[in-house]
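Chains E and A, in that order, are what the protein sequence lines are. Residue 33 in this note's numbering is what sits at position 33 of the first sequence, and the numbering runs on without skipping anything. Residue 299 in this note's numbering is what sits at position 58 of the second sequence, and the numbering runs on without skipping anything.
In case anyone wonders, no lab produced these hints; they're calculated from the structure. Note that beta-carbon positions come from the ideal geometry of N, C-alpha and C, so glycine has one too. A couple of the hints might just be wrong.
[Stated by the list, open to error] In silico DSSO-like links for lysine-lysine, alpha-carbon gap of 27 Å or less:
{"id": "1", "chain 1": "A", "residue 1": "K338", "chain 2": "A", "residue 2": "K486"}
{"id": "2", "chain 1": "A", "residue 1": "K516", "chain 2": "A", "residue 2": "K482"}
{"id": "3", "chain 1": "A", "residue 1": "K338", "chain 2": "A", "residue 2": "K482"}
{"id": "4", "chain 1": "A", "residue 1": "K379", "chain 2": "E", "residue 2": "K139"}
{"id": "5", "chain 1": "A", "residue 1": "K338", "chain 2": "E", "residue 2": "K139"}
{"id": "6", "chain 1": "A", "residue 1": "K516", "chain 2": "A", "residue 2": "K483"}
[Unchecked claim] Part of the chain E face toward chain A, derived, beta carbon under 8 Å:
{"id": "7", "residue": "V138"}
{"id": "8", "residue": "V156"}
{"id": "9", "residue": "R170"}
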Amino acid sequence: MNALNAIVLPIAQTDIQGRSGDSCIATNGFCPSWIADNIGEYVNPFLEHIYLTVVSVGIGFALAFALAVLAHRVGWTFGPISGATQVLYTIPSIAAFFLLLPITGRGNLTAIVALVAYTLFILFSNIMTGLGNVPDDVKDSARGMGLTDRQLLWRVELPLAMPEILAGLRIATTTTIGLATLAFFAGGGGLGVEIASGADRVFKSNVAVVGALAVLLAAVFDLLILGFQRLLTPWRAAARA
Amino acid sequence: MNSSQSAHSPGQSASPDPGSADGSHEEAASLEFRGVTKRYPGQGEAAIEDLSLRVEAGEICVLVGPSGCGKTTAMRLVNRLIDLTEGDILIDGTSVKDRSPAELRRHIGYAIQQIGLFPHVSVGDNIGTVPRLLGWDKQRISTRVDELLELVSLDPHDTRDRYPAQLSGGQRQRVGVARALAADPPLLLMDEPFGAIDPINRERLQNEFLRLQARIQKTVVFVTHDIDEAIKIGDRIAVLKKGGKLAQYATPAELLMYPADHFVEDFVGADRALKRLALQRVRDIDLWKAAEARVGEDTREVRRKLEDADLTIPLLVDEQRRPIGWLSHRALEGERVEEKLRSPAEPIVELDDILRDALSDLLSSETRYAPVVDGDGHAAGVLSLEVIGRFLHTAPSEARTGADLVVDEEQEASPAEP
Chain E
1 MNALNAIVLP IAQTDIQGRS GDSCIATNGF CPSWIADNIG EYVNPFLEHI
51 YLTVVSVGIG FALAFALAVL AHRVGWTFGP ISGATQVLYT IPSIAAFFLL
101 LPITGRGNLT AIVALVAYTL FILFSNIMTG LGNVPDDVKD SARGMGLTDR
151 QLLWRVELPL AMPEILAGLR IATTTTIGLA TLAFFAGGGG LGVEIASGAD
201 RVFKSNVAVV GALAVLLAAV FDLLILGFQR LLTPWRAAAR A
Chain A
242 MNSSQSAHSP GQSASPDPGS ADGSHEEAAS LEFRGVTKRY PGQGEAAIED
292 LSLRVEAGEI CVLVGPSGCG KTTAMRLVNR LIDLTEGDIL IDGTSVKDRS
342 PAELRRHIGY AIQQIGLFPH VSVGDNIGTV PRLLGWDKQR ISTRVDELLE
392 LVSLDPHDTR DRYPAQLSGG QRQRVGVARA LAADPPLLLM DEPFGAIDPI
442 NRERLQNEFL RLQARIQKTV VFVTHDIDEA IKIGDRIAVL KKGGKLAQYA
492 TPAELLMYPA DHFVEDFVGA DRALKRLALQ RVRDIDLWKA AEARVGEDTR
542 EVRRKLEDAD LTIPLLVDEQ RRPIGWLSHR ALEGERVEEK LRSPAEPIVE
592 LDDILRDALS DLLSSETRYA PVVDGDGHAA GVLSLEVIGR FLHTAPSEAR
642 TGADLVVDEE QEASPAEP
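Use the sequences and the hints to build the structure in full.
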């Protein structure tokens, strides 16, 4: 607990009262005028948050994809990979940040490493589920027509696994947006900085803005990926019609 | 929906292959299993044991047998979806082991019961799969796709841009066959291609396939568990029993006439005599000769004809020799034949009718014989229950045992042809 305070308190020292003088603020209320005055303060943390999310999910996806292709090709690797990603997933996030601090130091890197570790299990599991759901008769006919293993993967299996893969991407992105609010513990910035900056951490306006921005971000990313999925899988809409 | 296609005969029609239009035509290939054995590690009994058989170019060879007999395994050995343990398989004399699996498969059409169409690409792209793998240009693929859709009786404009999920089961099956034929392969493997289709549509697809085969004349290995389908589709049938042992390899007629052993006899069924009737047309058997009479003809002339005829009742015909009915005795009492019928000519059978259907006509009309007419309606003889009975006791060819697997072309022809 001491260690936690040591990190959080210096950040929290920025006095919220100093930003604006208002009776609403004195009572820790929800103050639209305060929000309007201070919204500029959130631009940088918000951009940092997007950066953390995109980079972490991007790297996580690349790693999970490579691992999934390996597990798909070399069957026995599935167990170990699945187990390892699952272990990473179960480490409490705050613990992960502190475990990494001595190795990677304070900053973006620590935050990103931890966030990537969290995405792996979700993404790996979903890619594997998607590949596993490709019907056997489709694979059999593909092989029977002379597709090589690589052609089978890229032309048949991955396109057909796309719905599950993108579903995994949506979950991973939403989760990462949420977890990234803790990145400030590792000095990684993001919207969490603004929550922590409330002196008593109960200033409702501040929390409301941060929460709203995080939810907005998650919703926008979710819709983007969903739109992307519609675009990539027109055949599913056709099948439903 | 009856079996107007049942009594097809191999290699009869020789219209040009539509696939030859783009210059990619490959002649049908011969296929030979030479002492092929497939053994899975850790399994005592072989899946296929010492299988030897030869399929001539342009023939349909049906692999048939109960489940677990290894018929699908045998088929999948051909395009190396399964690798054989011993022996060899030769396509036009070249071992399948000498070719890379992917390259080999691109030159062998492949159609399976579940069809396995790619759900994420259009019908056109599905059909164009192998041509694209072979590096054809877009224009050529597109032309070929339309050509194939027409070949399998689908409208190219309506179908090519649809996804498989938007088609009916029968349409998907046709697309599957079109896809297998896309690169005009010399050899086609079909694993129960009509197995998942309802009986009425299955019969239609079988007939369509036989019509198609008459045009394209591919060498086909066709797997089924249905002996009736085997008899209908096959030029030659290989009956397999458990452990992939070849019980008999023969033409449908031989198989029905001379089952090699009890296993084959059981497998073809107790009604094998009736099944043989589905393989023959009325013109294939020796018909009775009737005494034909016209109204006003000299009755002495008719009586003389009766001495030559196979039945004692004269058949009244019109000026064009079209049967009118069977004359009663009173019609011959005078000097000239009078139109006194004991019964009308019902039913009338055609030379091109399937024997099974003709028999069915006789039985449902509660008569023992019926006049037969040719394509122009002229009297051509009389079909009777006795004639059919005699046919069923006649050998289609010299008696042979199951061990004697090679049959020459002569004996394969219709047995009772005059």
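Here's how the hints hold up against the structure:
The straight-line distance between the Cα atoms of A:K338 and A:K486 is roughly 22 Å, inside the 27 Å bound, and the hint therefore holds. For the hint pairing A:K516 with A:K482, the CA-to-CA distance comes to about 21 Å; that is within 27 Å, so the pair holds. For the proposed pair A:K338 and A:K482, the alpha carbon gap of about 26 Å is at most 27 Å, so the pair holds. For a cut-off of 27 Å, the pair hint linking A:K379 to E:K139 stands: about 24 Å separates their Cα positions.
Only pairs whose Cα atoms come within 27 Å are accepted, and A:K338 paired with E:K139 is accepted, the gap being roughly 22 Å. A hinted pair counts as satisfied when its Cα atoms are at most 27 Å apart, and A:K516 with A:K483 qualifies at roughly 24 Å. Contact between E:V138 and chain A, as hinted, is supported at the beta carbon level, the nearest pair being about 5 Å apart and thus within 8 Å. Satisfaction of the interface hint for E:V156 is found here, the shortest Cβ-Cβ separation to chain A being roughly 6 Å, below the 8 Å cut-off.
The interface hint given for E:R170 is broken, as the beta carbon of that residue sits about 20 Å from the closest beta carbon of chain A, more than 8 Å.
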